[in-house]
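Given only the sequences and the hints, what does the whole structure look like? Please build it.
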Amino acid sequence: MHAIATHIWLIPLLPLLAAGVVALLPKRASTAAIGLATGSMGLALVLSLAAFLATLGGHADGAAHATHIGNFDWFRLGTGSVRLGFLLDPLGAVMLVMVSFVGLLIFIFSIGYMAHDPNRTRFFCFLALFASAMLGVVVANSLLLLFACWEVMGVASYLLIGFWYHKPSAAVAAKKAFLVTRIGDIGLFLGMLWMYHATGTLLFFDDGRGCLEADALTQLGGTAVRGGLTAATGIALLLLVGAIGKSGQVPLHVWLPDAMEGPTPVSALIHAATMVAAGVFLVARVFPLMTGGVDTPVGEGTSVALQAVAGVGALTAVFAACLAVAQQDIKRILAYSTVSQLGYMFLGLGTGGVAVGMFHLITHAFFKALLFLGAGSVIHGCHEQQDIRWMGGLRRLMPVTYATYAVGMMALAGVPLFFSGFWSKDEILHAAWSWAPSRWPFVLGVVGAFLTAFYMTRQMAEVFFGQYRGGVRPHVGHGIPEATHGGTAGGVHESPGVMTVPLVLLAGSTLVLGWLGTPAWPWFEAYLNGHSAHLDFGRLAAAWPMMLVSVVVVALGIGTGWWVYGRRSRVGATAPDPLESQFPRIFRGLQARLYVDELYDATVVRLHHVVSMVCGWMDELVLGGLVTLVGLGSRLAAFSARSLDELLVNLGFDAGCASTRWGGRGFSWLQNGSAQRYLGGLGLGLATLAILVLWGWRHG
Amino acid sequence: MNPAQPYLFLAAALFIIGMAGALARRNAILALVGIELMLNAANLSFVAFWRHGPHPDPQTGLMFALFSIAIAGAEAAVGLALIIALFRHRRSVSLEAAESLKG
Amino acid sequence: MTGHWITLLTFLPLVGALTVAWGGPRSGAARRRVALLVHALVAMSAMGLAVAFDTSATGMQFVERLSWVPGLGVEYHVGVDGLGMVSVLIAALIPLLAAVVSDRVAAGREGVYYPLLLLLQFGLLGTFTALNFFHWFLFWELGLVPAYLLVRLFGGKGAGPASFQFFVYTMVGSVALLLAFLALRAAGGSFDFLELAGADRGGALGRALAQRLPWGGPDAGNVLGWLVFGGVLLGFAVKVPLWPFHTWLPDTYTAAPSPVTMVLTGAMSKMGVYGLLRIAWPIFPEHFAAAQGVLVPLALATVILPTFTAFVQRDLKRVLAYSSINHLGYCLLAVFVVGTPGSEAGTAAALNGVVLQMLNHALTAATLFGFVEVLERRTGGVRDLEAFGGLRRAAPVFCGLMGISVFASVGLPGLNGFVSEFLIFRGIFAAAPWAAAVASLGLLTTAVFLLKVMQRLFHGELSVAWVGFPDLTMRERVWTGAAVAGMLVLGVYPDLVLQWTNPLVLRLAGGN
Amino acid sequence: MTPWFLLFGGLVVVGALGAMALRNPVHCGLSLVVTFVGLAGTYLDLGADFLGLAQILVYVGAVAILLVFVMLLTRTGRGESPEVRPGGWWWGGLVAALVAVGLVGALASVSGWKPRSEPMTFPTVRDLGVALMTDFVLPLQLVGVVLTAAMIGAAILALPERRGGRVGRTPKGEEPEQ
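Chains as they are written, first to last, in the numbering used here: chain A, 10 to 709; chain B, 4 to 106; chain C, 3 to 514; chain D, -6 to 171.
Treat the hints with caution; some may be incorrect.
Pairwise CB distance ranges, derived in the manner of DEER restraints [as the list claims (entries may be wrong)]:
{"#": "1", "chain 1": "C", "residue 1": "P246", "chain 2": "A", "residue 2": "R448", "range": "49 to 57 Å"}
{"#": "2", "chain 1": "C", "residue 1": "W436", "chain 2": "A", "residue 2": "T569", "range": "49 to 57 Å"}
{"#": "3", "chain 1": "A", "residue 1": "H16", "chain 2": "C", "residue 2": "L39", "range": "42 to 50 Å"}
{"#": "4", "chain 1": "C", "residue 1": "Q501", "chain 2": "A", "residue 2": "H16", "range": "22 to 30 Å"}
{"#": "5", "chain 1": "C", "residue 1": "Y78", "chain 2": "B", "residue 2": "P9", "range": "28 to 36 Å"}
{"#": "6", "chain 1": "A", "residue 1": "L26", "chain 2": "C", "residue 2": "A389", "range": "33 to 41 Å"}
{"#": "7", "chain 1": "B", "residue 1": "P9", "chain 2": "A", "residue 2": "L693", "range": "21 to 29 Å"}
{"#": "8", "chain 1": "D", "residue 1": "D120", "chain 2": "A", "residue 2": "S90", "range": "55 to 63 Å"}
{"#": "9", "chain 1": "C", "residue 1": "T381", "chain 2": "A", "residue 2": "A611", "range": "34 to 42 Å"}
{"#": "10", "chain 1": "A", "residue 1": "S90", "chain 2": "C", "residue 2": "Y78", "range": "37 to 45 Å"}
So, partial list: chain C residues that the calculated Cβ filter (under 10 Å) puts toward chain D [what the hints assert, rightly or not]:
{"#": "11", "residue": "V71"}
{"#": "12", "residue": "G73"}
{"#": "13", "residue": "L74"}
{"#": "14", "residue": "L184"}
{"#": "15", "residue": "R187"}
{"#": "16", "residue": "A188"}
Calculated from the structure, these hints are not laboratory results.
Think of the CB as a built atom: it goes at the ideal place given N, C-alpha and C, for glycine as much as any other residue.
Here it is, written out as structure tokens:
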């Protein structure tokens, strides 16, 4: 096991090397590119599993913390050096497995999905770069290294979202994603600077000298800044800003739905299952700091930072769920659902600790991957149609997709017992219930759970039930002009095996995973904390009231959804949504995403434009202004001089001129132009002066 | 007789010769030569006063002469350029050719 | 370490310039070949110097010291330390890069262009190695003249007024510098940079001046000290430039032919930062500390305001010019902020960051302007951002490599800009957290306008006008590839440079 | 009254007389050189070494040469008009005599000349240089400006004027005959 622990850096390095090599390959070598990228990812998965097993063995040995670190000097600085490091602990190991597994599936799925794209060589280069960065975030033992990978990941996602760069909407969405997450990144950057300044190290663990270890935490927790906050809280909040940006939490959620402009299932999956989880992972990674530097037991963490985490999470969970209700685009619904679920993860982290949040992260990654791939399959089958109003009745046309999608939907909605989503969400609600500072997160969480069940039912009903409504395309939009549809089903077909097999695999994992974290057998939590789990049904009994609440809420949500959408299928694609006809104003507001984008456009973006214009003018004015000023000054001088002249002339200067003219006539005889006469006059003057002086000297 | 006086007499002689020439000659160049002689006479006095004068400052007189030489150089350059310009217009360097600036 | 290596290196371009201008080659192609050969020789010599550089020593290396006018304290004194080494590398490599892409600009006038470029390099190398004010100033001015002529003779639209503005601005700065140094000399100091360091401790300089110049009242020493400091600062601030002395820069950079802009931004702007670190900072630490209230806000303005201005520019070169101001603004900010006694670790980080940023910006900005030249020679001089779109389809390699350079400019980790900006911010945060917070806004707004550039150039539909846009040729691939590889290497292994600068920085931070 | 003084003084006076009285302008110029050399010798005799050398360099080397050049440049093919204006010597001599009376009278009347209080220290060239760079730095700069202005001015004046430009510089009817 030490072999893998000391070579943990290989996991991100392999895809990185693959990306580098692929970048140099010519465009036509797509087979080699695909082989390299997928192979490196497969190897990474194998290594990740090995690492995971190693951490399993770790606590079997009875070690208190199954954490392995490997630090090294990056460059010298001052009297010391800047150090980076890698680390393997249960938290990282489980993320590694999740990321490399889901990642590998994406790679395989993309082989089929991108088969006809002329630029697929480059696509796999970006994918590998992305995977490498994400894995780097997971294994980094240094905030600096984590930040570096974090940024590279941002760029990779920028490239992937904007992969179809010829679509202006994709280019804009890519830019938006990069910039909005960069706002968060600046918070992270400042937090990192502060951390470095305060503790002198950015290593998380360094045999007692790391910034997440007791000494540093005590010091940070003991440093008061202002307003009663400690340095630990300040840093934690700044890091939280970074996590909010990356995980699309309110108020920086606006980029995530737009990011669906990328190649359909792949980019969406990245932005739904893996990359956005990085924010949650960051909070989990620095959790000791989040607790305010005091090592409080899980569940009572009531530091300011954790309250912020919980608050942001709860708010996002409900807010995004509301927006999801009114969306028509199958991917956008899932995107908002992702935002909402990420909110749950934050809520879980804030109220329940690492294990609660991370458990939901893992389960969510699998079923959301499943849903997105299913959506991709649906879109692929419906000829790039993404609007659920133009679908319907796909249950019979795409049976495999339907079955697997249903599994994912029930997991997301939180249907009890067999679906992983139920257990992880239940843990979160449980933690929120017993959270001391406030009941509000719990209430919001319950509302969110209801809405989740509702909008997922709506989606199911619209897509898979009723009649197929896609006979005529609503608009000849982006993409390839549609071929003629044969038959009533419009040529809808089930997807090929390379796409359905990952669906089935993911559906299976979704069913199994939930059992790792039930109250009766909290293996996941035990694993993360480094001790072993015991089966105890008594705990289940203690948790049952909460489970009951959860079940009731979910049943209500699904029931309402079915009552509104499933009971009577939509007649035509252009018919208004039932909710829309009932509450038109609210529905349209939600559909317009509550005008948050417009708000930002009118404030932040507008402000930036105005400031830019002002700065541009200023530069021109400083330049032109100087010239204008000089011109103005000389004109002023000329004006005053003229007035002075006229004044003096009017004061009788004319009279003086007459006598001058008379005198001038006389003097003009002297001014005959002969230089020598002048010189002679000068000489005479000199002589006269000399003689006068002489005379005066004699007699003075 | 103090030691500076011979030099001062020499300077006076130079000055007078220069002045007489500058007044008498028609050629503008030679008039300029006369002026140069007068300037040199002044320089000679400066140096004489510096060497034998009562003031103890070791440098000022020399400096004055030095700067004067520099200025004389400038003056000669401009004067000769003027003469060339004059020659181009009048085909002559006679001072009478330049008497058009009369009142 | 003895030998006349630095002198040889410095005067090599001069010999080259004379050879190209009046020596053997007559045809334009032959002149270009000879000039490239000389540039390459200079670059290789500088590399050799870098290899021979002793990273464990803190003092000056390759020192040559000859008495010149002993009565006035004028010596020929040259040498390099870490700062000098980095600067010499910049001065050796950037003109080479520029010369490689100069074929279009110089066409027909090789006999004028390449000698001027070599002369400019001569001035740069001399400036970066001189340790005595006298010949340092000679070289400093010497660099200005060929730069002016290059802009004036080879520039595009508006080159006349722009070059004039450039000349006058930098000349004003130079005169201020000259007067300040005459005052320093008059105050009984020396012309030697190493001996001048710390000359102003406790306002000693001002007092000495006041004794020397008998006019002025009892407080004259203080005032005179400030005047001298202001003169030195102005001389360098114009060159870098510091807001609001920057207005010459966008005009000049835009009007100059792109290869010349590469040298202007890559190497000449570094003269200002170099001067601040080598001359101003060691002599006037107390004045720097006292003037922070003014200087730090100005530096912050230098960091932030140009990023906004860049956003509304349509000319690609103007955008990049403003981006240059922004990037060097970080250097200024760091130099100004670490004047306060902060933590020693912070100061070390900031100064290391400044030197590294000099190199990084030289590489990145020069490469970007090189890409502009590549663009211009395909479009016939069109640089309007609104006129492009979708170039990625026509020229993927061009867009890929330029994209990496742009991201290096944004400060992406793994590329060179990140390390230096991180170090600078680290240092600033230690001394003035609020300044770091404000400056971090610049990180965001830089990304805003640079991404806008990428979007306008590369993304969207390919417009009909550029359908036949040719991708990079083999030669262009070689030099841009080398530049991008340099960015990667510096981003991953910054120790390559920091091993030179760190000992020096330790001395500076400790001596402060 | 050293022999040197007599020698150089004689040179000065003879050269000056020649420069003013000889008919051929070129001879006048050469005679002027003699004057300048005599003056330089006088300076050396007085102990102003640097000034003496500067006199040779500037006057003999530059001014006199320039004069001769201009004389050669402005030669016309026409017959020499009388070099002295009619009655010129009378007029010039009279004024000069008056000035001479004043000057000589003044010089002769000087009395009570105080001797030097301390021994003379002759400044070296280095001392002069230091003085120029310190105490006299402002005059030095100004002289530099004057010289630059004179140089530019001389160049502009001597350059051929543009054709068709600046009407009115030469009054009508006084165009040079070709």
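Each hint, compared with the structure:
1. C:P246 to A:R448: 49 to 57 Å: holds (56 Å)
2. C:W436 to A:T569: 49 to 57 Å: holds (52 Å)
3. A:H16 to C:L39: 42 to 50 Å: With Cβ atoms ~48 Å apart, the hint holds.
4. C:Q501 to A:H16: 22 to 30 Å: holds (28 Å)
5. C:Y78 to B:P9: 28 to 36 Å: violated (48 Å)
6. A:L26 to C:A389: 33 to 41 Å: holds (39 Å)
7. B:P9 to A:L693: 21 to 29 Å: Check passed, 27 Å falls within 21 to 29 Å.
8. D:D120 to A:S90: 55 to 63 Å: holds (56 Å)
9. C:T381 to A:A611: 34 to 42 Å: At roughly 36 Å between Cβ atoms, A:A611 and C:T381 fall inside 34 to 42 Å, so the hint holds.
10. A:S90 to C:Y78: 37 to 45 Å: At 38 Å between Cβs, range holds.
11. V71: holds (8 Å)
12. G73: holds (5 Å)
13. L74: holds (6 Å)
14. L184: Since the shortest Cβ distance to chain D is 7 Å, the answer is holds.
15. R187: holds (8 Å)
16. A188: holds (7 Å)
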